[in-house]
Structure formats: structure tokens, C-alpha cells
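If you want the building blocks of each chain, they are given just below.
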Amino acid sequence: MPQLSNTQLFGGWGRSPSSASALLPTDEDPAVKLDALAEFVASAPDGTRLLARGMGRSYGDAANCAGGYVSTHYDFRDIFEFNPTSEELRASSGFSLDEIMRRLIPEGYFVYVTPGTRYVTLGGAIAADIHGKNHHKDGSFINHVESFELITPSSRIEVNRSDPLFWATAGGMGMTGIITAATIRLKKVQTSYIKVTTQKTLNVSETIEMMQRLDDSFTYSVAWMDSLASGNSLGRSVITWGEHASEADLEPKLADNPLSYGPSVKLKAPDIAPSWLLNMASIRAFNEAWYRKAPKNKVSIESIPAYFHPLDAVSDWNRLYGRTGFLQYQFQVPLGQEETLISIIHRFSRNRTPSFLSVLKRFGPSSSGHLSFPQPGWTLALDIPIRTKGLSELLDGIDFQVAEAGGRVYFAKDSRLIPELVPKMYPRLDEWRDVVEKSDPKGIFLSDLGRRLSLRSGEVKKASLVETLGAAIGKGPNL
Amino acid sequence: MIDALGQPQCVLIIGGGSDIASALVDKWVDMRCQRVILAGRSFSVMEQVQSQLQSHSSAKVEIVYLDMADHESLAPLTAEVFERFPDIDMAVLAAGQLGDQAVDETDPKRIEQMFDVNATGPAIFLTACASEFKKKGAGTIVVLSSVAGEKVRRSNYVYGASKAATDSLSLAMSEALRGTGVNVLVVRPGFVSTKMTQHLAKAPLATTKEKVAADIIDALAKKKTLIWSPKEMRWVMLAYKHIPRTIARKIPF
Numbered sequence: 001m002p003q004l005s006n007t008q009l010f011g012g013w014g015r016s017p018s019s020a021s022a023l024l025p026t027d028e029d030p031a032v033k034l035d036a037l038a039e040f041v042a043s044a045p046d047g048t049r050l051l052a053r054g055m056g057r058s059y060g061d062a063a064n065c066a067g068g069y070v071s072t073h074y075d076f077r078d079i080f081e082f083n084p085t086s087e088e089l090r091a092s093s094g095f096s097l098d099e100i101m102r103r104l105i106p107e108g109y110f111v112y113v114t115p116g117t118r119y120v121t122l123g124g125a126i127a128a129d130i131h132g133k134n135h136h137k138d139g140s141f142i143n144h145v146e147s148f149e150l151i152t153p154s155s156r157i158e159v160n161r162s163d164p165l166f167w168a169t170a171g172g173m174g175m176t177g178i179i180t181a182a183t184i185r186l187k188k189v190q191t192s193y194i195k196v197t198t199q200k201t202l203n204v205s206e207t208i209e210m211m212q213r214l215d216d217s218f219t220y221s222v223a224w225m226d227s228l229a230s231g232n233s234l235g236r237s238v239i240t241w242g243e244h245a246s247e248a249d250l251e252p253k254l255a256d257n258p259l260s261y262g263p264s265v266k267l268k269a270p271d272i273a274p275s276w277l278l279n280m281a282s283i284r285a286f287n288e289a290w291y292r293k294a295p296k297n298k299v300s301i302e303s304i305p306a307y308f309h310p311l312d313a314v315s316d317w318n319r320l321y322g323r324t325g326f327l328q329y330q331f332q333v334p335l336g337q338e339e340t341l342i343s344i345i346h347r348f349s350r351n352r353t354p355s356f357l358s359v360l361k362r363f364g365p366s367s368s369g370h371l372s373f374p375q376p377g378w379t380l381a382l383d384i385p386i387r388t389k390g391l392s393e394l395l396d397g398i399d400f401q402v403a404e405a406g407g408r409v410y411f412a413k414d415s416r417l418i419p420e421l422v423p424k425m426y427p428r429l430d431e432w433r434d435v436v437e438k439s440d441p442k443g444i445f446l447s448d449l450g451r452r453l454s455l456r457s458g459e460v461k462k463a464s465l466v467e468t469l470g471a472a473i474g475k476g477p478n479l
Numbered sequence: 001m002i003d004a005l006g007q008p009q010c011v012l013i014i015g016g017g018s019d020i021a022s023a024l025v026d027k028w029v030d031m032r033c034q035r036v037i038l039a040g041r042s043f044s045v046m047e048q049v050q051s052q053l054q055s056h057s058s059a060k061v062e063i064v065y066l067d068m069a070d071h072e073s074l075a076p077l078t079a080e081v082f083e084r085f086p087d088i089d090m091a092v093l094a095a096g097q098l099g100d101q102a103v104d105e106t107d108p109k110r111i112e113q114m115f116d117v118n119a120t121g122p123a124i125f126l127t128a129c130a131s132e133f134k135k136k137g138a139g140t141i142v143v144l145s146s147v148a149g150e151k152v153r154r155s156n157y158v159y160g161a162s163k164a165a166t167d168s169l170s171l172a173m174s175e176a177l178r179g180t181g182v183n184v185l186v187v188r189p190g191f192v193s194t195k196m197t198q199h200l201a202k203a204p205l206a207t208t209k210e211k212v213a214a215d216i217i218d219a220l221a222k223k224k225t226l227i228w229s230p231k232e233m234r235w236v237m238l239a240y241k242h243i244p245r246t247i248a249r250k251i252p253f
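Chains as they are written, first to last, in our numbering: chain D, 1 to 479; chain B, 1 to 253.
Just chain D, same shape as in the assembly (with noise of 0.2 Å):
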């Protein structure tokens, strides 16, 4: 392995775990940049590895190269090109959906898909395959995504939806090359503002009823579930149901500017919060409230910002969690496991395992990324302080649950999942290794994340827990 000087420490938006990488090196000059790069990366020598990094906002070691190069947003901000005839944009990968919203929402587009956090970059948002509150009506991001241009080892190309490298890269989280810009199509809107119909639900089978019964009458639906609420309790929730609101929606004071977008950070958490600020009694307090204040059921209107992205409000809020950090733990399991995800919910509650915030969200169709994370089913999002008391062994267990019920845990998130579930639950894993062998056959474009979880090598070895976990799996929610 080459080594490298000048190394920073980079790592998730969790804050656990970092390791350290050089920054690519790269040429200011727009015109020759990119070849540069693709000669860069064709004669990197062996050892070498490098990878493209967005805004870090996956939670764990995903954007991570330890010992390697990353490149970064700022790396790629070169082209912006929309096309209103065709409703396309051109856009070079380091654009944020932030940007792109700032930009185009005044004219009237809106993108396809947009997830908890406008700070992602269009490379990311590929990368990841992401999804939103309307997956169940639109899919995920790649449906939305014509073409994009990839710097492989042997080349730099234009991938489109009919090469199998297309579909590598979309959820293949980096590892496939450098996405330098993309074509994506933009949805017209005639307002910046969300009609949102609200409604509190007592439990988790309410939930599940009411998102089964009325997911599909809108474009958008996610539930915020009280994890820590138990008995008759469980999982109640706050659905949100949203729809692009028309001009006859708004109220004459919004109506005059209709297409008004300007989001704004209100807050910045400071970087010295103690590790226990958000414990058990703290984050009770905060569902609590939360729950109690959401209406009844209630129909109004909120701003793009309010409805999709409310902690963006709250700049770095990720530190709130002090230096010891926490994880997202998000899983999907199939339709018809309802039965799985609410002994899933009873074992966090069980476990009191401290999550703010919890995000449920049916799921639509899958698209046709090898690792793309959605299919059509539930999916349920924890956000977990690190201190919690037996986090691994719960999170094990419930690792199993889910690779058993044929769901799987979202790479985007994933900071601890046991490798060898891996196949299990991504059953195209191996085809995806095909096309990046024939790719990348040195494996250049390795992510922290890759090495973990064995996602290059089909070596697949095992622990004893595996083993032991494994015969154990019969016992259902107790195990």
C-alpha cells in the first residue's frame, strides 16, 4: 500500500467510527480536471484506494477509506444544466439537493426524491439509491436518474439505465467508481408548500392499518413512532400524509409568492455536549412531549423544509450526541412480516432502547439496483446513542430477525451489521460483484464500510455467535 502524507481524519455522521485519508488530488481547471482524474485512477498503483465522499452524511464507516484517497463535494461542482423542455437536470455529482432545491424550487421543480436531510450530494443520493416519504408512489432515487458519468479504473464513461453498471453503482455505495455529474428528471410543482394531513395513532397496529388503508391516496406518508411507549402503547405514532399543495391551497398572504423557498439553519449544536445528554430520561421526555403535542388529526400546511427535513433546522445536531456518538439502526422486512416488525418494536421497547424520533415508512416497488435497499414492505428507523446499555447483543439478534423474515439492514446506516448476513440479505450480492470485478478487478474502490462487511471477497467465515444466533433463531421475538 502506497503510503500517504498529509492525512485528516473522516468519518460518519454518526461519529463512530473514523479513519483517516488524504484528499484526492485534483486540477482546478475544469476543462482538464476530470481526465486528470481518470488518469489518476488508472495508474494508481496496486494497493491503492480511493474513494468518492459526499457530504458525510451516511451514519457509519460508508464514506470512510482508511489509508486511501477520498474526494469530496467540492471536487465536483462544475456543470448545472436544466432543461425545462425536457424537465432534466445536469448536474455535476457535488451539488447538493440542497442546492438544487435552492435553485429550482422558484422555477417550479421539485426533485423526485428527497431524504430526512437536504444535505446529501447528487452523487450520494446515487450511491445510496436513497428514498423518501413517497417511495411507495415514486421509488427511489435512481428511477429518476437517466444517466450518469463514472470514472472507472479503465475509463470514464457515460452509464446508462441499460448497462449493468448502472444498476452496480445505484446502491452499490461508491464502490463501482467516482460519479462525476448526472441526468436527473425534476417534477413541476405550483407551490412550495405540502398539504399535510396529520393523525395520531394509539399503537402499532393502528399504524400499520391506517398506512395500509391510506398510504396510497398520497404522494407522501411516514410515521414518527415513540419507541420507548409500551403495553397497549406500542409504537403508537404521529402519520403525516403529504401532497404538493395548488395554488388555491395556500392562503392569500403565502398565495402572493407561492414558489417562496428559502430554508434556514436556526441552530448550531455545540461540539462539547457530554456523552449522557441524550440518555434514557431525556430522549423518554422528548417522545413524550412529542407525542402529546401532535394534533389529533388535523390537515394544514407546512413548507418544504418543515415537512421533509426538520432536523436540517438544527446544524450538526449529530454532535448532540457527544464525543461517544450513536448509530442509525434502519431495517426493512418484506409486506406480509407485519408480525416481525412489531415483535422487532416490542424488543426495543423491552430493551428500553433509547431512539429518538423512530421513522416507519411503507415501502413501494424495488428498482432494479443489486443493492439497492427498499422493497416493497416496512421499514423502521432508530437513531441510538452508543452508551446504551447491551446495544451489540440487541442489535445482533435483531440483525437475525431480520435476514430471517428476508429483509435486510440499509448500508447508508449500517455501522455494525454481522457480515456474514450479508448474502442473506442481499441476495444479488454476488452479480454485483461480478460487474465490479470486471470493473475494478484490483479493487481500488474499497469503502471502509466494503472491508467490513466482506463486500468485495466472497470469504465468508464465521463466528461461533453466528452459529449459536443462528440454531437460536426458531425462538422468535424472545431470542
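Keep in mind the hints are simulated off the structure, nothing from the lab.
Treat the hints with caution; some may be incorrect.
[Claimed, not checked] List of simulated lysine to aspartate or glutamate pairs, DMTMM-like, C-alpha gap at most 25 Å:
id, chain 1, residue 1, chain 2, residue 2
1, D, LYS438, B, ASP30
2, D, LYS442, B, GLU132
3, B, LYS224, D, GLU393
Following the hints, complete the assembly by docking chain B onto the known chain D.
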């Protein structure tokens, strides 16, 4: 790669025969650890640990020769181990020698040997190890120190001083490595009932190797850089370090 909960996948153990280290590895192979490299002088002891590990885990267990007293070969051999096993993400320094104060006082050779194994060797190894991990951009070094190294006592000052050297070096190295992706955890166990101490009378707050191993795993998840095991020992030592010497003399050890 070490995960968010501080669990390693490939560990290098220096002093592969150490009780605390084997208790630690016993737990790790039941978690994410897939390969263990035992390094030390005594093959027969390491082979015992190897077969014990393989009796309950399919993790690969390798044995390599490394002698803390052979200062010439220590750095190149360390580099060689890292080259042979490029996935090493955690190193545990557990080599050490307890000595016998009464005999040590009468034999300069034994004093020299004590510092060779407990201080000079570890200084060379830790520095070589840090440099290997720096190249990789990630890695964690666990140093098994001792409360004896925090405050050197009159009853075993030769041993205590040799441990104090390594304890201080590790703490400062940990600071020097900030921002490199390399973390150092210094562990100060109290009296642990092990084969190294079986001939000694049990001290207060005595603990077991399993408990120390559990404390280390917990500390790694929380990204701590210094722990005492049991954790009450921290306050005992704090008090002990600050009581006036005239009173300290009355304490029987």
C-alpha cells in the same frame, strides 16, 4: 475494520499467553473477530490458547514469534507481521513480567531484564505498531498497564517503575496520534487473580480476567482512552496518590 461498537475483526495479541488477553480474545471471537494472531516467545503456551480458541470458534488463529527482550528484531518483525496480515485492526500489548522484589534487589541482571520486557521492548513495539496503523489510517492499540504503574509502591518498585514507563509512554502516544485514525486505550487493572499472581495474597478490589475483558470491550465501544478495572480503582488510586507520604508509609504495601 473496527465497527461503531469498537469490535475488531483481526487482532494481534502480544503476550499471546496472557490470561487477560485470552479472556478478551475468547469474547471477541464470539463477536466480529475472524482472525487472531498470537505473538510471543513461548509456542507451547500460545498453542494451548490456540486450541482452546479453536474449540469454540472457527476464527483463524495464527502464531508468530516476537520477543519483547530482543530489541534489535522487534521493529522489523512487527512490520513483517503487519505485512503478512494486512487486515490487523487491533493490537493488544499484554506481555509483561512481574518479578520478585526481594530477589530483584540483589541482581542487576534481573532489573535489566525487567525493564527490557516491561519498558524498552514495549516502547519499541508500540512505536512500530503505531507507525503501521498510521499507514493504514485506522487501528486501535490496547495497552495492558497496571495500577502499579500509576503510582509506584515501595513493595515492588522495580516492577512498578518499569510499568510506569510504558503507562506514561502510552498515554502520551495516544495524544500524539490524535487525528491519525489510530486510537490507544490504556487499561489499568487492579489485582487480577491470574497465573501471574496466583502465588500472591489477594488484594482488596481484586477482580477476574473475565471482568477486565468485559470492561475493555465496553471502553472500546465508548472510545475511552484510559480505564481502571474495576472502575472504583480509579478513586482508590486518586486518593492513594494524594495522601501525604507520612501517612502513606503506614499503609502495609
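Okay, the hints, checked on the actual structure:
For a cut-off of 25 Å, the pair hint linking LYS438/D to ASP30/B is broken: about 35 Å separates their Cα positions. Between LYS442/D and GLU132/B, the direct Cα distance comes to roughly 22 Å. Compliance with the 25 Å bound is thereby established for this hinted pair. A hinted pair counts as satisfied when its Cα atoms are at most 25 Å apart, and LYS224/B with GLU393/D qualifies at roughly 20 Å.
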